[in-house]
Each structure stands twice: as structure tokens, then as C-alpha cells.
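Listed here are the chains, written in short residue letters.
Number of protein chains: 2
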Amino acid sequence: MKSLRVPEATVTRLSVYSRFLERLDRKGITTVSSGDIAEGVGVSPAQVRKDLAYFGEFGTRGVGYNVKDLMRYTQKILGLDHNWSLILVGAGNLGYALCTHKGFNARGFTIVGVFDNDLSKIGKQIQDLEVYPLEKMPEIIEKYSARIGVIAVPSRNAQETADIMVKNKLEAILNFAPVTINVPEHIELRNVDLSVKLEILTFNLGLRSEKNSSI
Amino acid sequence: MKSLRVPEATVTRLSVYSRFLERLDRKGITTVSSGDIAEGVGVSPAQVRKDLAYFGEFGTRGVGYNVKDLMRYTQKILGLDHNWSLILVGAGNLGYALCTHKGFNARGFTIVGVFDNDLSKIGKQIQDLEVYPLEKMPEIIEKYSARIGVIAVPSRNAQETADIMVKNKLEAILNFAPVTINVPEHIELRNVDLSVKLEILTFNLGLRSEKNSSI
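Chains as they are written, first to last, in the numbering used here: chain U, 1 to 215; chain H, 1 to 215.
Some clues are possibly wrong.
Since copy identity is lost for identical chains, a pair holds within one copy or between any two.
Listed next, the in silico DSSO-like pairs over lysine-lysine satisfying Cα-Cα at most 30 Å (straight line) [unchecked claim]:
(1) 124 - 102
(2) 27 - 169
(3) 76 - 197
(4) 68 - 124
(5) 136 - 169
(6) 50 - 121
For the record, the hints were derived by calculation from the structure and aren't laboratory data.
Could you put the whole structure together from the sequences, leaning on the hints where they help?
Structure, rendered in C-alpha cells:
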């Protein structure tokens, strides 16, 4: 890999490019230009070239990129050339939704254990997974060599859930609770805020109203 | 507003800054520097200043920003100085999770109608909302002056759901289905991909393994 200091925005776009390339590949398309990728995902062609340049030389001038090669390469960069086992805590509505979310499996993510401390949920079945008590987490983590935990509990339980994940030696946490949690520096933590994208919509609708009212 | 051409990444960060300022305000903190904001949300101080500069002059050199003023201003820019009514289609697990998601209400988003075409779901109650058939959408949109629709249906139904929203004159759509949908140019569309952030984690875990193996 060319450099370890890749901006997170580049990694995010790489994930989007990778999905776009998968779609092209499924359609049987074999070559693609940076312009096509740019148009398909809504960024500039220069941005696509700049993002890919972090990881080396791709494509042939005037010919473009080989779809399958670039798709596999982006998947490899993102760590998606193998499957990942996820531990999920929180068997509420969001937990159910995540367990049945087709987008995870499509990218090689498999939820291998669902945990809750609510006695009314323990023992229930979500798809082919039984909801386990938190005490069973170490066993499942070891069995599947899981490194990533997903937090889908109410905000008030998010920090203690993160603490348990850290104690159980998970290395990365994806937090869906709309609250800030603290973890040691060696843990990779990202928050999924479900309303950030809503606010891009309201920002744009606001601009639109402003435009109309200034006519 | 200074300029209409604000990069989407700036709007996204503004949404994050705004939440951070709300937290400071709740704690009773009255002034903040760009350095504090930067550290609190994980970007550089220069980035914070650059992002805010799109919207005019803020803060006093050597004193910093007034938390309450900047919080209100960022909320106003994002269109969050008033409430937004959301229409939700899809009363499955994800729909339930979104209806009960505390993060929406905290930012002034209220789901005012839940719709599904599944007869086994219509008439059911999610919190204080009854699940309505799709035919009732125009009535609810008019009643609440809703402009934004949220798609929480399975991928195979996402496009037809978007078409119905467009036909019913919604102006913006937030799509949670892991599939590309097409809408006319005048519709604001954003997709929430639940696995993009997971892929940032796997990218970083990949770098880590690489580092370890090269020791």
C-alpha cells in the first residue's frame, strides 16, 4: 500500500466506488473511465483519480479501468477480500433490522452472535440466530474470531456495552446509539448517525426555499 | 448566506459540529475555540474555520465562539430552526427502529405517518402512529405539510416507493434500502448505507494487521 495516511473521506468514497463497480460487473460491463465512475456516484472525475492514486497506478490512459480488477482491488483495500464476523448487542427493533439487513451480507459481513441483557429477549430467535445473554460473548467471539462489535442498544446502555466489548477484546466498534461513547485509543470506533443525511436534505431544501423567496 | 455552493462534506461536518455545540451548551459551556470543536469531533482546527467561513464571520480572535450563538446559527443553516415532518414507508423492523429512534426527535424530525402495503401490517400501532395503507399518503402529506419521505422497505420495493413519493410531491427522499433508486432531478435524494462505516473499520483493521505483519 502506497501510504497509510489516507483521508477517511477517501476511504468512504472508495466504499461507494467499490459498490458501483460491483453493479457494473454484475451487468457484464468490463471497462470503465474515471468519468463514468464519477457520474455514477456523483463526484468529479478528478476526485476519483485522486482517490485511487493513494493506492497506486490504475487504468490505461484512453482505455480506462478494467472493472473486475478495480472492483477486486477496491474490495481488497477495504479489507473485503475475506468475510468479517460481527457481534451485535441489542435485540430491539434496530438489532432485528440489522440482522435482516441484506446490505451487510452482500459486502461479506455476517452477524454471528446477538446479545441482550433483557431476559424477555434472551432465547428468542432472529433469523437463524438465538439471542444470547452478554455472558456468552467471549465464547462466540473466540469461536468466530470476531473483531468487530455493533452497538444497537438504547443510548443509556451504549457506554456499558462498549466497555464490555473492549473488555472482551473486540478491536472495532460501530455505534448506532445517538450518544457519544468513550473507548481506549487502540479501539477503532465509528458512529452511524441516522440523521446526518436528513440534515443534508433539510440544508438543500432550505437553500431551495431561499432561492424561491428571493425571486 | 454567503455562497450556495457549499461542499456536501462541509454540510455533513456542520451537522456534526452542531451536535457537539448542543452537548457543550447542555453542559453550560459558553465559549469554545475552533481547536476545541476540532478535537471534540476529530477534524483539524483549520477545517473547522474553513467550514464555518462558508457562512460568514464568526467568533472573536483570541476569545473564540459563543457556544449558544454558533449552535443556533449552525442549526439555522441546516434548516433545523423549525421542525420537519417525515413520511415513512415500510413498517418492518427498520421502520419500527426509525420510529423509535430518539436521535430524530432530538434534531426536530417527527415521523407523522407510517405506510405499508402489507395487509398484515396496516392498522398496527408503532408508538402513537397507526400504520396506514399507501393510499392515505396524500392526506397525511397535506395535513402535516410534509416534504421529506423515508424509504425503509426491502430493496425490491424501493424504486416503486420512491415513484409514489415523487407522485405525491414529496421534495426529498432518504433511502435506507441498499439499492440504487432513480428520481427526477428536482428531488433531493440521499442514501444511508449502513455498511459504509463498517468498511472504514475494516480498512483500518486491515492497515493494523499489515503493520503487525511487517514488524
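Verification of the hints:
no.	hint	in the structure
1	124 - 102	both (21 Å within a copy, 25 Å between copies)
2	27 - 169	neither (41 Å within a copy, 32 Å between copies)
3	76 - 197	both (27 Å within a copy, 16 Å between copies)
4	68 - 124	neither (41 Å within a copy, 46 Å between copies)
5	136 - 169	within (14 Å within a copy, 50 Å between copies)
6	50 - 121	neither (48 Å within a copy, 48 Å between copies)
When held up to the earlier numbered hints, the structure conflicts with 2, 4 and 6 and fits the remainder.
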